[in-house]
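A.B. asks: Residue numbers (numbering that gives the first Met the number 0), protein chains in the order written: chain A, 0 to 196; chain B, 0 to 196; chain C, 0 to 196; chain D, 0 to 196.
Just so you know, these hints were derived from the structure itself, not from any lab.
Pairs count within a copy or across copies, as identical chains cannot be separated in the list.
Using 27 Å as the maximum straight-line C-alpha spacing, the simulated BS3-like pairs for lysine-lysine come out as follows: (1) K5 - K77; (2) K28 - K49; (3) K193 - K5; (4) K138 - K193.
Model, not experiment: these values are computed from the prediction.
Number of protein chains: 4
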Amino acid sequence: MVTLSKSRIEALSDGVVAIAITLLVLELKVPEVMSHHSDKEMLEALLELKGEFATYIVTFLIAGAFWYLHHLTFHFIKHVDGFLVWVNLIFLMFVSLLPFSSGLMSHLFIHPVSQFFYFGNMLAIALLLNVHWQYARRKHLIVDTEQSEADRLSFRVALTAAAFAASFITAIFFPTYSWAPLPAFLLVGWILEKTRR
Amino acid sequence: MVTLSKSRIEALSDGVVAIAITLLVLELKVPEVMSHHSDKEMLEALLELKGEFATYIVTFLIAGAFWYLHHLTFHFIKHVDGFLVWVNLIFLMFVSLLPFSSGLMSHLFIHPVSQFFYFGNMLAIALLLNVHWQYARRKHLIVDTEQSEADRLSFRVALTAAAFAASFITAIFFPTYSWAPLPAFLLVGWILEKTRR
Amino acid sequence: MVTLSKSRIEALSDGVVAIAITLLVLELKVPEVMSHHSDKEMLEALLELKGEFATYIVTFLIAGAFWYLHHLTFHFIKHVDGFLVWVNLIFLMFVSLLPFSSGLMSHLFIHPVSQFFYFGNMLAIALLLNVHWQYARRKHLIVDTEQSEADRLSFRVALTAAAFAASFITAIFFPTYSWAPLPAFLLVGWILEKTRR
Amino acid sequence: MVTLSKSRIEALSDGVVAIAITLLVLELKVPEVMSHHSDKEMLEALLELKGEFATYIVTFLIAGAFWYLHHLTFHFIKHVDGFLVWVNLIFLMFVSLLPFSSGLMSHLFIHPVSQFFYFGNMLAIALLLNVHWQYARRKHLIVDTEQSEADRLSFRVALTAAAFAASFITAIFFPTYSWAPLPAFLLVGWILEKTRR
Chain A
0 MVTLSKSRIE
10 ALSDGVVAIA
20 ITLLVLELKV
30 PEVMSHHSDK
40 EMLEALLELK
50 GEFATYIVTF
60 LIAGAFWYLH
70 HLTFHFIKHV
80 DGFLVWVNLI
90 FLMFVSLLPF
100 SSGLMSHLFI
110 HPVSQFFYFG
120 NMLAIALLLN
130 VHWQYARRKH
140 LIVDTEQSEA
150 DRLSFRVALT
160 AAAFAASFIT
170 AIFFPTYSWA
180 PLPAFLLVGW
190 ILEKTRR
Chain B
0 MVTLSKSRIE
10 ALSDGVVAIA
20 ITLLVLELKV
30 PEVMSHHSDK
40 EMLEALLELK
50 GEFATYIVTF
60 LIAGAFWYLH
70 HLTFHFIKHV
80 DGFLVWVNLI
90 FLMFVSLLPF
100 SSGLMSHLFI
110 HPVSQFFYFG
120 NMLAIALLLN
130 VHWQYARRKH
140 LIVDTEQSEA
150 DRLSFRVALT
160 AAAFAASFIT
170 AIFFPTYSWA
180 PLPAFLLVGW
190 ILEKTRR
Chain C
0 MVTLSKSRIE
10 ALSDGVVAIA
20 ITLLVLELKV
30 PEVMSHHSDK
40 EMLEALLELK
50 GEFATYIVTF
60 LIAGAFWYLH
70 HLTFHFIKHV
80 DGFLVWVNLI
90 FLMFVSLLPF
100 SSGLMSHLFI
110 HPVSQFFYFG
120 NMLAIALLLN
130 VHWQYARRKH
140 LIVDTEQSEA
150 DRLSFRVALT
160 AAAFAASFIT
170 AIFFPTYSWA
180 PLPAFLLVGW
190 ILEKTRR
Chain D
0 MVTLSKSRIE
10 ALSDGVVAIA
20 ITLLVLELKV
30 PEVMSHHSDK
40 EMLEALLELK
50 GEFATYIVTF
60 LIAGAFWYLH
70 HLTFHFIKHV
80 DGFLVWVNLI
90 FLMFVSLLPF
100 SSGLMSHLFI
110 HPVSQFFYFG
120 NMLAIALLLN
130 VHWQYARRKH
140 LIVDTEQSEA
150 DRLSFRVALT
160 AAAFAASFIT
170 AIFFPTYSWA
180 PLPAFLLVGW
190 ILEKTRR
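Put together the whole structure using the sequences plus the hints.
C.D. replies: Structural data, given as structure tokens:
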């Protein structure tokens, strides 16, 4: 079995994430207001984009969090094999889908179906990140030192999946509250990490 | 003759592949359904995109497979020369064309001409990958060790070209079955690799 | 606490900056002049884009300057921690917004609101660059040598924020002159650096 | 004076070139032919894009050649200074403009103004590459060995600028023949390199 260096899958991941998060901005269409309009009309045209802006910021931050977790896993991973490359490629396929999911969310903010799709996309990314990390640990592809740090990362990656699973399920039954689990899980994770030390 | 390091052609390749596979998502247009529509209408609007989704997933996975094979060849390549740089640039030119070929395929799924163009694009990429790898082997630009691994890669790269040649030819005579050779060749390759060990 | 290598946040930054500055060109729409039109009509169609061209060039150069300052800070930074990663991600979120701000500016060149938004975007980037650099210095994440060079960079980064703050405030009260502070601050910075040596 | 490592300006360049050449494909619009159309109508719709395809291929290859020359210069360059970073940023600004110039060319293939703009863009890139390389040589930022190889690169970079200057001037007086100088200069360069050895 060829053991591959991890640098190129990191480079491809950085490239795909960078493009996906930069394409998010294409959902923000410059309003077609004429220059003779008043400042008030112009501001109103920008304020009409507030749903798109909120989706842009939130999706960017979530994608940033996924990239950071991915970065942390590769901090421990020594080298990769064929299975891990494919898990990463499918992970990137769902990351690439973010501009679509984000567009769906920002155009149809209050619609259950778009929330279902959006959180489904996020959940798929989170689950693949768990498969990627657990596989690397089981197959001993990671460095031996820093066992407790690796455990802490396992906890974080699992908690992320749990948070998006909660949002995904909430989107089906109570669409109005589908965003609520995210800050709740973030708070729980933060408290647990503080008390653990 | 200057022998160039391989890192920048790898970086350019990772960049072009990352962008090409991320641009595939632009074919998925967010449906223009209003928020007052029912969940059922919304789901139907998304289901109408099923051709585009199938093309997105398949093209992403094929492009991922090409990137992986390209990665594997550079695992063995020590350094590059001018000819190899140009083969790689033309390889990337066809990779860049994927969002167009994919768009053609997803809009006109059942049309022979779009299948002909799509598989022609894939075949061109596969053939250039063979030229790239065989040239590197002949010119002794690769590391000496792991002869059997290099042979195995030659087999894989050749089989990929054969699979797309089969799809390309099938698209002319039996367009309905033009996708069939891909899983068939994948299965044959998998069995041959298993029995070889 | 895990100390992370800086290479991947550099790679993500290079990717996001490269994409954001390349997407600026999408604001330049090819004029729909027919081929049978005279050379004069064609030239006029291109000249009508002069606002878009000016915005393209200026935004590209400003983004280039931000990238260069970011590059210089990482020349001194040894490794990163979680807080620094998040400051960088939010920095990149505002860099990603540049094609939108630039599009707003080029379509509505003389409008106060678009200038307010454009310089607000630039100011946010400049302030985050200051937070990033000052945090790295305070937390001793940078190399020990070259103290005077690090001081000089602190001065440059602060001056950049001051310049955009001046443009931002000018845009509210005297929108016609909102660009004026930039060359003025550039000149002041250049003179101060010359006299310091 | 801080001497900077060359790796990040290489990374940004690879990113910008990768994106610019991949965005070229967006000029190729998928024809809006319905699936019930005949194969002949479909082929005709694709053939109508032949101008766009020719521009895509030629622009990709020219951009590839510029990237290759840029790569070769950095093969010799040890480290960079502030001036070199700015020359490279302006170089990248003109590379980013390629999708626009290419779009202008492909929509208005026979029009003198679009040829003038297209070759002007190419000439600007070629001249900046000369400034970049000559500055690096004069300031002794390059490795000492391989003097004859550095001379050969100076010749190549200068010849490229001469070729595009010839096309640019021809575009003004004899637009029909503006492409002719490129293969002519390529041939001359090839013969001169062969006879020199």
